[in-house]
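We have chain R; now place chain A onto it with these hints.
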Amino acid sequence: MISNEPTITPELVAQHGLKPDEYDRVLKLIGRTPTFTELGIFSAMWNEHCSYKSSKIHLRTLPTKAPWVIQGPGENAGVIDIGDGLAVVFKMESHNHPSYIEPYQGAATGVGGILRDVFTMGARPIACLNALSFGDPKHPRTRALVAGVVAGIGGYGNSFGVPTVGGEVRFHRRYDGNCLVNAMAVGLADVDKIFYSAASGVGMPIVYLGSKTGRDGIHGASMASAEFGADAEEKRPTVQVGDPFSEKLLLEACLEIMAKGCVIAIQDMGAAGLTCSAVEMGAKGDLGVTLDLDNVPCRETGMSAYEMMLSESQERMLMVLKPEKGKEAEAVFRKWGLDFAVVGETTPTKRFLLRHGGAAMADLPIKELGDDAPVYDRPFTETLAKPAIDAASIRPPLGIAGSLEKLLGSPDLCSKRWVFEQYDHVILGNTVQRPGGDAAVVRVNEGPKALALTADVTPRYCEADPFEGGKQAVAEAWRNLSAVGARPLALTDNLNFGNPERPEIMGQLVGAVRGIGEAARSLDFPIVSGNVSLYNETNGQAILPTPTIGGVGLLDDFTASMTLAFKAEGESILLIGESKGWLGQSLYLRELCGREEGAPPPVDLAAERRHGEFVRALVRERLVTAVHDVSDGGLLVALAEMAMASKIGAVLQAPSAVTAHGFWFGEDQARYVVTAKNARAVAQRAEAAAVPLVSIGATGGRMLAVDGERPLVVTELLARSEAWLPAYMAASAT
Amino acid sequence: MKSAVLVFPGINRERDMARALRLVAGREPAMVWHADAELPAGTDVVVIPGGFSYGDYLRCGAIAARAPIMDAVRAFAAKGGLVLAVCNGFQIACEAGLLPGVLMRNAQLRFICRDVYLRVERSDTPFTRGYNAGQVIRVPVAHGEGNYIADGETVARLEGEGRVIFRYSSPDGMIDPDWNHNGAMNAIGGIINERGNVLGMMPHPENHVEAALGRTDGRGLFAGLVDHFERAA
Numbered sequence: 000m001i002s003n004e005p006t007i008t009p010e011l012v013a014q015h016g017l018k019p020d021e022y023d024r025v026l027k028l029i030g031r032t033p034t035f036t037e038l039g040i041f042s043a044m045w046n047e048h049c050s051y052k053s054s055k056i057h058l059r060t061l062p063t064k065a066p067w068v069i070q071g072p073g074e075n076a077g078v079i080d081i082g083d084g085l086a087v088v089f090k091m092e093s094h095n096h097p098s099y100i101e102p103y104q105g106a107a108t109g110v111g112g113i114l115r116d117v118f119t120m121g122a123r124p125i126a127c128l129n130a131l132s133f134g135d136p137k138h139p140r141t142r143a144l145v146a147g148v149v150a151g152i153g154g155y156g157n158s159f160g161v162p163t164v165g166g167e168v169r170f171h172r173r174y175d176g177n178c179l180v181n182a183m184a185v186g187l188a189d190v191d192k193i194f195y196s197a198a199s200g201v202g203m204p205i206v207y208l209g210s211k212t213g214r215d216g217i218h219g220a221s222m223a224s225a226e227f228g229a230d231a232e233e234k235r236p237t238v239q240v241g242d243p244f245s246e247k248l249l250l251e252a253c254l255e256i257m258a259k260g261c262v263i264a265i266q267d268m269g270a271a272g273l274t275c276s277a278v279e280m281g282a283k284g285d286l287g288v289t290l291d292l293d294n295v296p297c298r299e300t301g302m303s304a305y306e307m308m309l310s311e312s313q314e315r316m317l318m319v320l321k322p323e324k325g326k327e328a329e330a331v332f333r334k335w336g337l338d339f340a341v342v343g344e345t346t347p348t349k350r351f352l353l354r355h356g357g358a359a360m361a362d363l364p365i366k367e368l369g370d371d372a373p374v375y376d377r378p379f380t381e382t383l384a385k386p387a388i389d390a391a392s393i394r395p396p397l398g399i400a401g402s403l404e405k406l407l408g409s410p411d412l413c414s415k416r417w418v419f420e421q422y423d424h425v426i427l428g429n430t431v432q433r434p435g436g437d438a439a440v441v442r443v444n445e446g447p448k449a450l451a452l453t454a455d456v457t458p459r460y461c462e463a464d465p466f467e468g469g470k471q472a473v474a475e476a477w478r479n480l481s482a483v484g485a486r487p488l489a490l491t492d493n494l495n496f497g498n499p500e501r502p503e504i505m506g507q508l509v510g511a512v513r514g515i516g517e518a519a520r521s522l523d524f525p526i527v528s529g530n531v532s533l534y535n536e537t538n539g540q541a542i543l544p545t546p547t548i549g550g551v552g553l554l555d556d557f558t559a560s561m562t563l564a565f566k567a568e569g570e571s572i573l574l575i576g577e578s579k580g581w582l583g584q585s586l587y588l589r590e591l592c593g594r595e596e597g598a599p600p601p602v603d604l605a606a607e608r609r610h611g612e613f614v615r616a617l618v619r620e621r622l623v624t625a626v627h628d629v630s631d632g633g634l635l636v637a638l639a640e641m642a643m644a645s646k647i648g649a650v651l652q653a654p655s656a657v658t659a660h661g662f663w664f665g666e667d668q669a670r671y672v673v674t675a676k677n678a679r680a681v682a683q684r685a686e687a688a689a690v691p692l693v694s695i696g697a698t699g700g701r702m703l704a705v706d707g708e709r710p711l712v713v714t715e716l717l718a719r720s721e722a723w724l725p726a727y728m729a730a731s732a733t
Numbered sequence: 000m001k002s003a004v005l006v007f008p009g010i011n012r013e014r015d016m017a018r019a020l021r022l023v024a025g026r027e028p029a030m031v032w033h034a035d036a037e038l039p040a041g042t043d044v045v046v047i048p049g050g051f052s053y054g055d056y057l058r059c060g061a062i063a064a065r066a067p068i069m070d071a072v073r074a075f076a077a078k079g080g081l082v083l084a085v086c087n088g089f090q091i092a093c094e095a096g097l098l099p100g101v102l103m104r105n106a107q108l109r110f111i112c113r114d115v116y117l118r119v120e121r122s123d124t125p126f127t128r129g130y131n132a133g134q135v136i137r138v139p140v141a142h143g144e145g146n147y148i149a150d151g152e153t154v155a156r157l158e159g160e161g162r163v164i165f166r167y168s169s170p171d172g173m174i175d176p177d178w179n180h181n182g183a184m185n186a187i188g189g190i191i192n193e194r195g196n197v198l199g200m201m202p203h204p205e206n207h208v209e210a211a212l213g214r215t216d217g218r219g220l221f222a223g224l225v226d227h228f229e230r231a232a
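Residue numbers (numbering that gives the first Met the number 0), protein chains in the order written: chain R, 0 to 733; chain A, 0 to 232.
No lab work stands behind these hints: they were computed from the structure. Be a bit skeptical, because a hint or two may be false.
[Said to hold, decoys possible] In silico SDA-like links for lysine to any residue, alpha-carbon gap of 25 angstroms or less:
| # | chain 1 | residue 1 | chain 2 | residue 2 |
| --- | --- | --- | --- | --- |
| 1 | R | K334 | A | A36 |
| 2 | R | K326 | A | W32 |
| 3 | R | K259 | R | K324 |
| 4 | R | K646 | A | A210 |
| 5 | R | K334 | A | I62 |
| 6 | R | K566 | A | P170 |
[Unchecked claim] Just so you have them, the derived chain A footprint on chain R, three or more residues with Cβ under 8 angstroms:
| # | region |
| --- | --- |
| 7 | 151-159 |
| 8 | 423-430 |
Fair warning: this is a prediction, and the values are worked out from it, not measured in the lab. Built from N, CA and C at the ideal position, the CB exists for glycine as well.
Looking at chain R on its own, in the form it has when it is part of the complex:
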């Protein structure tokens, strides 16, 4: 071993994020002091980001199977069967810590990473989504983070050439010190041409493909596994730099050699780069791996084994190729101007062996590196239940009309056009429903099938009641897919929480996972992939618990997809689902009354299922002309969105049983608004299906007119909704 490497001291071990007992585990496993490179490898493999050590035992409880699931969690992405010999490959992943430190590159490489996860499995990416959480708009960093993150997501996706079709953006002071950037990619593959990471065969060449290795992103995964203190700025060198051009070339080259039958196994170099990818390929295939680091293409000379193994340089792949196809594969990569180097081989020893400059730099048991990573059943305390708030006890500070105006101009409910217009959402020519609807709809090849895609979570519900909040995130994704007429098939979850070593944070994680599991089971909506991001915490202040759910649904005929805009004047407006006027944790309570209080609306999963299936049937039978789910901001906000999308007004009246502000702004779940030419036909169906349905008015005119309230001009509401974000972004930074 090389002598000029640093001596392993307790301080050095601590700097690598390994706790003393974890380091003891290392010593016991290998029976000697690790080399510096080995210490780096353990730090990369055993951090929270790569090992899921705090969440593993809870994630195991999630439902992951269904007849249409081809691959659940554990591979680069989940895979589901959509018929016609086609599979959808998808996953959502966070890039929170890097995006806070360096917003443009952090967000860009988040998109790059998730795209690579999808095309590594043999799928051509057809759509991206993202869910973004930022701090208080008044916080001095927020504006620059929004600008940088949005530009970074656009900069990568637009250049790579995938449409970014949907997502969500929210603001809350609890994200002041940690923004969240959750990116989802969806790809299409042939069911019989899915590629996996398990290597097979002894003595097979391991090939390095793509961009060169540089000194960027070293310790990225470890950085993402710790909280921020005052030194977040200093962590900038741990953020990778994205190159979407190289990624586009890598995509084309990978798909080309896959089609030529050259590939045995493939793994992208994401978190913890070469270390994680090589170990995974070997361990999954019950094989050892020997790497000769002298052959790794490097951006600069003099890189050490340690740096090469921990670099998170982007746009790189590791593959096991069929030896007889090596030349053919190399020619394809040369054609695309990408690096191609044989850097090692598979061995029968189950050892992970690294050589550099003639010396052995690491010699570790490959399976134990992954399998023997610490697993924690961390102590947790359940979040205390909050009392339900009776709408009648809340004195409305403004009338219904004024409240709606205020809500539509609020940061969370205003139009996000400023954001989604920076994303190319029409490239590839298959975007049926663009951003702004309940779910995006993307045609599958030449049709007639299409995918519905959505990303959802309501963090303030999760904070008040993690279990109900977890249920609600799944239910809302399911509802959004149903609203466009799609059959929900599967989901990916991106669990963002604070420091799991604090029992109350762990309690949020445990509660939310239980809620997600219960809803997913009840709705036959299995989890096929996911990612956990913990330690989203700065100086002891954690984010709101944010388990983002990415949902995928299927439409048999894209021309039958339903939109939320009113279609014509004189149509009946019907509300499906029960309204109790639930204002606890509502945006009305927060934005109008300045209170973030109470229990969130409970989620009745049986009702969700019944109502969603009912709505899908209405869409299928063309009995309705518009559908919108009722969520943030409640019923009147949903109606205003339908009016603004069409510039057609409506005359509305509330049934008398509930207080007016509770009825119009309550956030009761399992509800949809539909419009119909023939209201009686819809009402009869509802009665037969035991689905609550009430008529609340009719479309028409230029005003949104609630009985007894000041009528509101729809185009003025639209102007209000469109104004906030551009005005906020244009204001000079304070």
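The following block gives chain A in isolation, referenced to the frame of chain R:
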């Protein structure tokens, strides 16, 4: 109509373009690799599609303009062959000297993807015979650098010779800064060369060709080209 779509590394709308040509012209285009030195024999139209050639890390289109295939394209254009250059293709055509001027960063310095309205200024070109002069069409844009700029003399010539083919306008055809999303001079969205056989435009007609997906305003351009060759035959 035999069309050839150029493929440079980083180009990403070549499939959209190929599909539009297939749907409207009824014939699959040839995909031509940037490193080739020749166009397929019998090519009627060369299409330079959109994307981010070479990542657009240098001035947009500057590297692609120097690719081997571009010598063949210049020779093809010099003989009167039709060249349709869209988005990054427009930038490449300017850098290759096929068209005057340059595409700068959008005035508000952000990438913009949205539907815009284009007023068709002339219908007597092979590219626009599918439209009427003065007609307003709605097509998407998706670019960060589409702000057309040239020196005063060049713009005066373009205007004087009627070489501005598309202008960003309001839905009823008014030229108005509010509807000029990228700040282009004289709201220029598309121009032709002196000879009238090279069209450069920023918007994407190829993304609006299918009724089932919404709008079909882009079809006219491809249908017009097909018509041009059918009449010539």
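Results of checking the hints against the structure:
A threshold of 25 angstroms between alpha carbons decides the hint, and for K334/R with A36/A the separation of about 15 angstroms falls inside it, so the pair holds. Annotation: proposed proximity of K326/R to W32/A holds, straight-line Cα distance about 21 angstroms (limit 25 angstroms). As the CA atoms of K259/R and K324/R are separated by approximately 9 angstroms, the hinted pair is consistent with the 25 angstroms bound. Of the supplied pair hints, the one linking K646/R and A210/A holds, its CA atoms being roughly 22 angstroms apart against a limit of 25 angstroms.
For the hint linking K334/R to I62/A, the alpha-carbon distance of about 17 angstroms falls within 25 angstroms, and the restraint holds. A distance of roughly 21 angstroms separates the Cα atoms of K566/R and P170/A; the hinted pair therefore holds under the 25 angstroms criterion. Coverage of the region 151-159 of chain R by chain A holds [criterion: at least 3 residues with CB-CB distance below 8 angstroms; count 5]. For a cut-off of 8 angstroms, the count of residues in the region 423-430 of chain R with a CB near a CB of chain A stands at 8, and the three-residue condition holds.
Checked against the numbered hints above, the structure breaks none of them.
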